[in-house]
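**Q** Input sequences plus hints: build the corresponding full structure.
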Amino acid sequence: MSSTSSGIGAAVKRREDFRFLKGIGKYTDDISVPGQTYMYLLRSPVAHARIEKLDTTAAKAVPGVVAVFTQADIDASGPVGGLPCGWLVTSRDGSPMKEPKHPILASGKVRHVGDPVVAVIAETLQQAKDAAELVTVDYAELPPVIDMKAALTGKVAVHDEAPDNLCFDWELGDKAATDAAFAKAAHVTKLDLVNNRLVPNAMEPRAAVGVYEVGTGDYTLYTTSQNPHVIRLLMGAFVLGIPEHKLRVYAPDVGGGFGSKIYHYAEEALVTWASKQVGRPVKWTAERTESFLSDAHGRDHVTHAEMAFDKDGKAIGLRVDTLANMGGYLSTFAPCIPTWLHGTLLAGQYTTPAIYCNVKAVFTNTVPVDAYRGAGRPEATYLLERLMSKAAGELGLDQAEIRRRNFIQPNQFPYQTPVAVVYDTGDYGASLDKAMDLADYKGFPARRAAAKAKGKLRGIGVASYIEACGIAPSSLVGALGARAGLYEAATIRVNPTGSVSVLTGSHSHGQGHETTFAQVVADKLGIGIDQVDIVHGDTAKVPFGMGTYGSRSIAVGGTAIVNALDKVIEKGRKIAAHLLEAAESDIVFENGAYQVKGTDRKKTFGEVALVAYVPHKYPIDKIEPGLEETAFYDPKNFTFPAGTYICEVEIDPRTGAVEIASFTAADDFGNVINPMIVEGQVHGGLAQGIGQALLEQAVYDENGQLKTGSYMDYCMPRADDVPYFKVTTTTTTCTHNPLGVKGCGEAGAIGAPPAVINAIVDALAEYGVTHIDMPATPEKIWRSINGGMRKAAE
Amino acid sequence: MPDINLEVNGKPVRAAVEANTLLVDLLRKQLALTGTHVGCDTAQCGACVVHVDGNSVKACNVFAVQVDGARITTIEGLGTGAELHAVQAAFKEAHGLQCGFCTPGMVMAAADLLAKNPSPTEAEIRSWLKGNICRCTGYHNIVKAVETAAQMLKQAKAA
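Residue numbers (this note's numbering), protein chains in the order written: chain A, 11 to 804; chain B, 26 to 184.
Hints are computed from structural coordinates only; laboratory data are not their basis.
Be a bit skeptical, because a hint or two may be false.
Said to hold, decoys possible - The calculated lysine to any residue pairs, modelled on SDA-like cross-linking and capped at a C-alpha distance of 25 Å, are: (1) A:Lys-736 with B:Thr-173; (2) B:Lys-155 with A:Met-722; (3) A:Lys-139 with B:Val-90; (4) A:Lys-36 with B:Leu-109; (5) A:Lys-36 with B:Val-82; (6) A:Lys-551 with A:Lys-139; (7) A:Lys-736 with B:Ser-152; (8) A:Lys-400 with A:Ala-456; (9) B:Lys-169 with A:Asp-730; (10) B:Lys-169 with A:Ser-15.
To be verified - Listed next, the stretches of chain B that the computed footprint assigns to chain A, with coverage defined by at least 3 CB atoms under 8 Å from CB atoms of chain A: (11) 51-63; (12) 72-81; (13) 148-159.
Said to hold, decoys possible - Across the chosen pairs, the derived CB separations fall in these ranges: (14) B:Asn-142 with A:Glu-181: 55 to 61 Å; (15) B:Asn-142 with A:Thr-226: 42 to 48 Å; (16) B:Gly-94 with A:Ser-87: 49 to 55 Å.
Nothing here was measured: the structure is a model prediction, and the numbers come from that model.
Quick reminder that beta carbons are idealized off the backbone N, C-alpha and C, glycines included.
**A** Here you go:
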């Protein structure tokens, strides 16, 4: 690979920055269409109720109101499906999961505060809001189902199909072998853990504009999505019955996603459907409180976990029992998060030979829960790394030492874990060493003593994470219940003048693909980076794609691009051979030119491109004119980034306030295209992980009211909550994609929470504290120091 | 409601508004200056920060009628044409943005800080930017960008 200042491995500054810095980006709410109307949604103020009466007459009479719709209107307009779930999980008794219908608007019942009931469409947003206040809804309230344990044993069902609110009861691993391991264990470490419910809170609220062209029957949906083609497929085929070729979905500039913008939401279907009903464009933009009540939430697991050790501190068994909250309806990918993206990561970086995991997914009267940065892997990593550090304390071992004793060794790859996945390559000792070095682990005791002298408590926490990204081989996930393939597509369109348009199915909503993908293409073709244009987000321009999530863009999207480039280069070779009157096998493509081996006769890529489109002297009997190739890449395996994080905290025992004194990250992402962008992804993930550990929680009261429904009560990490991070990398290249890349988008959010909690527990060890739940607020810490936690009345 | 008169990015503007029209809505909807963003409904996220008579203000938290007669600068008014203001250039140099949604407000807030405190410490930068939430960057490169911008502005002044 050539290493130019703009090729693979270079810290190229981003092209997308110009429009964002100038305030001339095009986010969905920036888009206005002539004649557009505005939609406002009336949402349920109660968590669980039957809709006894629904009267929209007064609302319809308000000046400026164009239409008022309920689910009855949607059903009357023709066959309309519910919002689909894209992954079918099977319970351990072989039965399929319960899959209740998810109507676009609430029908018969409301199942969470925020459940949309009525859509009001008017000339102005204010008129729509005013009209919504005149809608009368009689709710016959039902007992809210909030706590998961109570949901399973209580008498109240969120959905009739699941009388005990159990969506599925899933298992993975070898129960008999695991029980046997525990029976002969020298030591067992146990932990009850809560992985706290979070709200993703991308800074751009969701928005959608639906435009129906009466003259042609074409629909356009502008939407804040991470995967426009997936929305086109799901909404077109399964919800509204719109033929795909009549539906364009365009996700323009999108202000962050973190998973919350993967799903097909009711509002997308509503604006699309309504624009045909009213014959005018329909625009909807979420308010922030509305986002809290309608964007899919993340995490929300309650887990009991146990790890069995032999007398040398080697893990011989792990068993995990998890309740996972699905919320009031199944979101698009919800069932696979606590199962296939959680259970399969329970080996971690370790050689634990016997693992068993049981997950019960539960319906409750809360906002639906689905993937949020890390999606299942933070939950697995949190329990594993808390167990490891807790065991270290119980066994009198150093946190780093216990991990080192359990690492899979470099010569053991490819490594078949007991939980289905096969790790391709890794060197966990190397990242632990590098992290310890950068964190000055050895110097910690002195820092702790110095802090103590000033009345502060210092603690250090280690977390060695692994994650599975680059989702995924289609046949594998299909066998596990996925209803979609998870390949990626790319078209390389070489223009006659030698510039290149790359049509990628990946989507960038902050990841910098317009820059990094261009680096890959410029590097491979040996052309200037300014000759490469990355096109994404618009189904009218990009043939197909599965989108961006699961840190898959460089591993899967990037490989599709490389494979398409290889086809382009191959075709170019045939053209060059003809032009240079040489055998194809004698043509070498290097540094942007096709050269006859052993001579200095060559043709540049640009010359070949022009000939492809002006085929006067051309092997026309062998190949067609033009230079454009498409590749669909189905990955052979997940990729497995891994690393070690070390967090050092300083606690003021008088107030419980925690300061992150330092945070060190040593990650192995395989090869890195743009180190500046990769570091940025780590920084962002670390802040979200620290937010989960110290600040954030979506809290429901016993009536199902979301108490943390705005930034007044939901504590987002701010600039003074985090320090400068110390970030470094080690490298073992991925063995199964041509770029040798593993992906990096979620690692920070996966590894940070246990590093922080391990540090806090370490700081409080002298008080006998062995665990503290996230978020570890000053109050919780203060109470731990002052005689233990006393929970408020439940 | 009588029309209001103000100056926006150096140009005189006369606008018909309601009493309850927010400044951010005047900017985004009537003046088509969509660079100022709305990220929350409790005046906390800072995506809507603009300058009113040289001070950073959250445009979601001010009525248009309150700025009758004022001089407004939005993100579109920073820098000229394709030229980036020092703060914008520093953000690009330091990779201080990812999705870009918080960026206009962040840049405007940072520009105000540096106008008032040309040599802020790391702690002062972090404290000043508490009113601007970013979900993407972890603030690391944002703080770096502000420190870089401070250097650039000092060098430009010395030159």
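**Q** All the hints need checking, so say for each whether the structure fits it.
**A** A quick look at each hint next to the structure:
At most 25 Å may separate the alpha-carbon atoms for a hinted pair to count; A:Lys-736 and B:Thr-173 meet this at roughly 19 Å. Proposed proximity of B:Lys-155 and A:Met-722 is supported: the alpha carbons are some 14 Å apart, at most 25 Å. The straight-line distance between the Cα atoms of A:Lys-139 and B:Val-90 is roughly 22 Å, inside the 25 Å bound, and the hint therefore holds. Proposed proximity of A:Lys-36 and B:Leu-109 is supported: the alpha carbons are some 19 Å apart, at most 25 Å.
For the hint pairing A:Lys-36 with B:Val-82, the CA-to-CA distance comes to about 23 Å; that is within 25 Å, so the pair holds. Restraint check for A:Lys-551 and A:Lys-139: the C-alpha separation of about 36 Å exceeds 25 Å, so the hint is violated. For the hint linking A:Lys-736 to B:Ser-152, the alpha-carbon distance of about 21 Å falls within 25 Å, and the restraint holds. Annotation: proposed proximity of A:Lys-400 to A:Ala-456 holds, straight-line Cα distance about 23 Å (limit 25 Å).
With a CA separation close to 14 Å, the supplied pair B:Lys-169 and A:Asp-730 stays within the 25 Å bound. The hinted pair formed by B:Lys-169 and A:Ser-15 meets the criterion: a straight-line CA distance of about 22 Å does not exceed 25 Å. Using a Cβ-Cβ cut-off of 8 Å, 7 residues of the region 51-63 of chain B lie near chain A, which meets the minimum of three, so the contact claim holds. Beta-carbon proximity to chain A at under 8 Å applies to 1 residues in the region 72-81 of chain B; the threshold of 3 is not reached and the given coverage is violated.
Only residues whose beta carbon comes within less than 8 Å of a beta carbon in chain A count, and the region 148-159 of chain B has 9; three or more means the coverage holds. The hinted range of 55 to 61 Å is satisfied by B:Asn-142 and A:Glu-181, whose Cβ atoms lie roughly 59 Å apart. Under the hint 42 to 48 Å, the C-beta atoms of B:Asn-142 and A:Thr-226, about 57 Å apart, miss the expected range. Look at B:Gly-94 against A:Ser-87: about 51 Å separates their beta carbons, and that is inside 49 to 55 Å.
Hint compliance for this structure: hints 6, 12 and 15 are not met, and every other hint is.
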